[in-house]
Amino acid sequence: WLNEFLQVLTHEILTHQGIVNKFTGDGLLAAFGVPTPQQDQQKIAADAQAAVTCALVISDRLNQLNQNWLQRGLPKIQMRIGIFTGAIVAGSLGGKDRLEYGIIGDTVNIASRLESCEKHRQPSDCRILIGYETLVHLKEQFEVESWGWLALKGKEQMVDVYRVVGWRANKG
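All the letters of the sequence shown, read from the start, carry residue numbers 100 to 271 under our numbering.
Treat the hints loosely; a few may be bogus.
Below 20 Å or equal to it, Euclidean Cα-Cα: the simulated EDC-like pairs (lysine to aspartate or glutamate) are [said to hold, decoys possible]:
id	residue 1	residue 2
1	Lys121	Glu111
2	Lys175	Asp224
3	Lys238	Asp259
4	Lys175	Asp125
5	Lys254	Glu214
6	Lys254	Asp205
7	Lys252	Glu214
8	Lys238	Asp139
9	Lys254	Glu232
10	Lys254	Glu217
11	Lys175	Glu214
12	Lys175	Asp159
13	Lys121	Glu214
These aren't lab readings, by the way, just hints derived from the structure by calculation.
When you get a sec, could you build the whole thing from the sequences and use the hints?
This is the structure:
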């Protein structure tokens, strides 16, 4: 059941040109726009859009999985996703006896804090929070609402946070 869930997450991340950096118990850390450094704003925007698109597809897949699991007598899963756009350090970390590909930096920390913050505010089975730094790269295909300025653990300055509600309905 948990592995089935993690397999769906992994598949969707890879389908949307992301990478799974590591599994963290019942979750994972993914990144978009690596391993090649991105300088071009259009590519950075495309990576941000891919990450949010992937999150919404995962949300849809989670709803399907939850229905299936409930029919099989299994508990449903709720999840949280944090997305933040910015610079990271990516590459091989470790020593000669053990190396692994790692991503580190403030951007990674903020994304993690967005995922873990305000757990009591879970309006759906899949909550997707993004920072303003991601929002500025999104086109009008997503419905987003302000979540407020939040004090995140380890951050001196407040972070402007938004919740991705879903796909924006086509007007006209």
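Violated constraints from the hint list, given by number and in increasing order: Of the numbered hints given earlier, the structure breaks none, since each of them holds.
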